[in-house]
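Number of protein chains: 2
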Amino acid sequence: MRFISETSSDGNCELLFILGEIPGVLWTPGGATGTRPLVLLGHGGGQHKKAPGILAHARRLVAECGFAVVAVDVPGHGDRPMDEEYNRIATENQARVDAGEDLAPLIAEFQALVARQTVPEWQAVLDSVQQLAHVGTGPVGYWGVSLGCGLGVPFVAAETRVRAAVLGLGGALASAGAAARITVPVRYLLQWDDERVPRAQGLALFDAFVSAEKTLHANPGRHGEIPAFELDSTLRFFARHLG
Amino acid sequence: MRFISETSSDGNCELLFILGEIPGVLWTPGGATGTRPLVLLGHGGGQHKKAPGILAHARRLVAECGFAVVAVDVPGHGDRPMDEEYNRIATENQARVDAGEDLAPLIAEFQALVARQTVPEWQAVLDSVQQLAHVGTGPVGYWGVSLGCGLGVPFVAAETRVRAAVLGLGGALASAGAAARITVPVRYLLQWDDERVPRAQGLALFDAFVSAEKTLHANPGRHGEIPAFELDSTLRFFARHLG
Chain A
106 MRFISETSSD GNCELLFILG EIPGVLWTPG GATGTRPLVL LGHGGGQHKK APGILAHARR
166 LVAECGFAVV AVDVPGHGDR PMDEEYNRIA TENQARVDAG EDLAPLIAEF QALVARQTVP
226 EWQAVLDSVQ QLAHVGTGPV GYWGVSLGCG LGVPFVAAET RVRAAVLGLG GALASAGAAA
286 RITVPVRYLL QWDDERVPRA QGLALFDAFV SAEKTLHANP GRHGEIPAFE LDSTLRFFAR
346 HLG
Chain B
106 MRFISETSSD GNCELLFILG EIPGVLWTPG GATGTRPLVL LGHGGGQHKK APGILAHARR
166 LVAECGFAVV AVDVPGHGDR PMDEEYNRIA TENQARVDAG EDLAPLIAEF QALVARQTVP
226 EWQAVLDSVQ QLAHVGTGPV GYWGVSLGCG LGVPFVAAET RVRAAVLGLG GALASAGAAA
286 RITVPVRYLL QWDDERVPRA QGLALFDAFV SAEKTLHANP GRHGEIPAFE LDSTLRFFAR
346 HLG
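So the sequence lines, in the order shown, correspond to chains A and B.
Numbers given in the working numbering equal positions in the first sequence, counted from 1, plus 105.
Numbers given in the working numbering equal positions in the second sequence, counted from 1, plus 105.
Hints are computed from structural coordinates only; laboratory data are not their basis.
There could be a bad hint or two in this list.
[Stated by the list, open to error] Which chain B residues face chain A? A few, computed with CB under 7 Å, are given here:
#1 Pro-303
#2 Thr-320
#3 Leu-321
#4 Asn-324
#5 His-328
[Said to hold, decoys possible] Residues from chain A that keep clear of chain B, each with C-beta distances beyond 12 Å, as calculated:
#6 Thr-140
#7 Lys-155
#8 Asn-192
#9 Ala-200
#10 Val-202
#11 Ala-209
#12 Ala-229
#13 Asp-312
#14 Ser-316
#15 Thr-320
#16 Gly-326
#17 Pro-332
[To be verified] Listing some non-contacts, in silico: residues in chain B with all C-beta distances to chain A over 12 Å:
#18 Gly-125
#19 Ala-137
#20 Ile-194
#21 Leu-211
#22 Val-224
#23 Ser-338
Don't be surprised by glycine CBs; every beta carbon is placed ideally from N, CA and C.
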C-alpha cells in the first residue's frame with residue numbers, strides 16, 4: 106500500500122493511496138487513534154472513488170459516526186486505465202441493446218464478470234487498511250447502489266468481516282444468487298420509478314436476502330433520485346450495527 | 106369535552122376524557138404550556154386507546170419530541186359499548202369467510218362503513234383538544250396501522266390539519282381511493298410476510314398515495330411483527346415534519 110497524499114479539512118483526514126493497481130482513498134477523523142468501524146463505499150457505474158455521492162457519505166460517516174471510510178476505483182473507472190476486455194464487452198452490449206436485446210441480462214453477466222475481479226481487490230483493500238493503527242480490525246460495513254450493488258452483493262456474500270450493508274438500485278437477475286448467501290442486516294434502497302431497474306426486479310432482490318433483519322426503503326423518483334433523508338437514515342443504520 | 110382523570114408519571118401527563126360518546130386519552134409533557142405539534146394515534150382492530158403499542162408510541166412522542174398525543178377508542182372497542190350493527194356485520198362476514206368468501210373485500214367494505222363514523226369523530230376530537238392551551242393549533246400528525254390504516258387513510262385524506270402520516274398494514278382494495286387524495290408526506294409500513302394483507306395489496310396501496318414524499322419501509326415478518334426500530338424511525342419522521 107503506497108501513500109500518495111494526505112490532506113485535512115474540517116476535521117476530516119483524506120489519504121490517497123495505491124494498492125497494487127487499485128487507487129483508493131481513506132477518510133478518518135482528524136487525530137484519530139485506535140480501532141474504529143470501517144465502511145467501504147462502492148461507487149456507481151461511470152463514477153469514481155471521489156464522486157459527489159461517495160464524498161457526501163464519507164464526510165458524514167467520519168464526522169457524525171467517527172468511522173473510517175474507504176473507497177476505491179472500480180476497474181475502468183476514475184484513475185484506472187481503460188480495461189480493454191470490459192470496454193469491448195460494454196461496446197458489444199450496447200450494440201446488442203441497440204439491436205433490440207434486453208439490457209438486464211447483459212448487465213447481470215457483465216457485473217458478475219467484474220465482481221470476479223473486484224471481490225478479491227476489495228478484500229485486499231480491507232486487509233491493508235485494517236493494518237493501519239487508526240483503523241484496526243473493527244466491524245466493517247458496506248454501502249453501494251446501482252453498480253455498487255451489483256459488485257457489492259457478491260462482495261458482502263463472500264466477506265465475513267462485513268457486519269451490515271446498505272445496498273440498492275439493483276435487480277434479482279444480476280444479484281439474487283449471491284443475495285441468498287447474505288445473512289447480515291441489510292438496508293435496501295429502491296426507487297419506485299426507476300427507469301433502469303424494473304420495480305419487480307428490485308423487489309425480488311430484496312426478497313432474496315436471507316438476513317433476519319432487512320428493510321426495504323422505497324421512495325418515488327428515478328434511478329438517480331434517492332432522497333437526501335436516506336443518507337441520514339443510512340448513518341443511523343451503520344451507527345446501530347457497527348457503532 | 107369532559108375530563109375524567111389526570112395522572113402524571115415520568116414527566117408524562119395523561120388526561121382521560123369523554124367527548125360526546127367518545128372515550129379518549131391525551132398525553133402531554135408534564136408542565137407543558139403553549140402550542141405544540143399533536144399526533145393522533147389510531148389503534149388496531151380488537152385493540153383500544155391504551156393498547157401497549159399505542160402507549161409505547163405516545164410515551165416516546167411526548168418524552169423525545171415534546172408533542173401532545175391523543176388516542177380514542179374506535180366504535181365497538183375499548184370503553185365503548187358493543188355496536189350492534191357493526192357486530193352483526195362482523196358476525197355475517199365471519200360466516201361468509203367460513204363459507205369460502207374472500208376476506209379482503211369484506212374488510213374493505215366494513216372499514217369504509219366505520220370510517221364514515223370515525224372521520225367526523227376524530228375531527229371533533231382535534232377541534233376540542235386543540236382548544237386546550239397546552240396543545241393549541243400546531244401541526245398535526247397521524248399514525249395508524251392495520252385498522253388504524255383503514256380508518257386513517259380516509260381521515261388523513263379528509264383532514265387538512267394533518268401534515269404528515271405514518272400508515273401501514275393496509276391494502277389497496279380498502280384504501281386506494283382515499284389514498285389517491287393524500288398529498289402530505291407518508292411513511293408506509295409493510296410486513297413482507299403479512300398473513301392478513303397480500304403483499305401486492307400493500308405495495309399497491311403505497312403506490313396509490315399521490316404525496317411527493319412517501320417512503321415504504323418493508324420488513325420481514327408477519328402482520329403483528331413490525332420491528333422495534335421502526336418506532337425510532339417514526340419519531341424522526343414526525344420530528345422532521347411536525348417539529
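Worksheet entry | Violated hints - listed by number, lowest first | 1, 5, 13, 14, 15, 16, 17, 23
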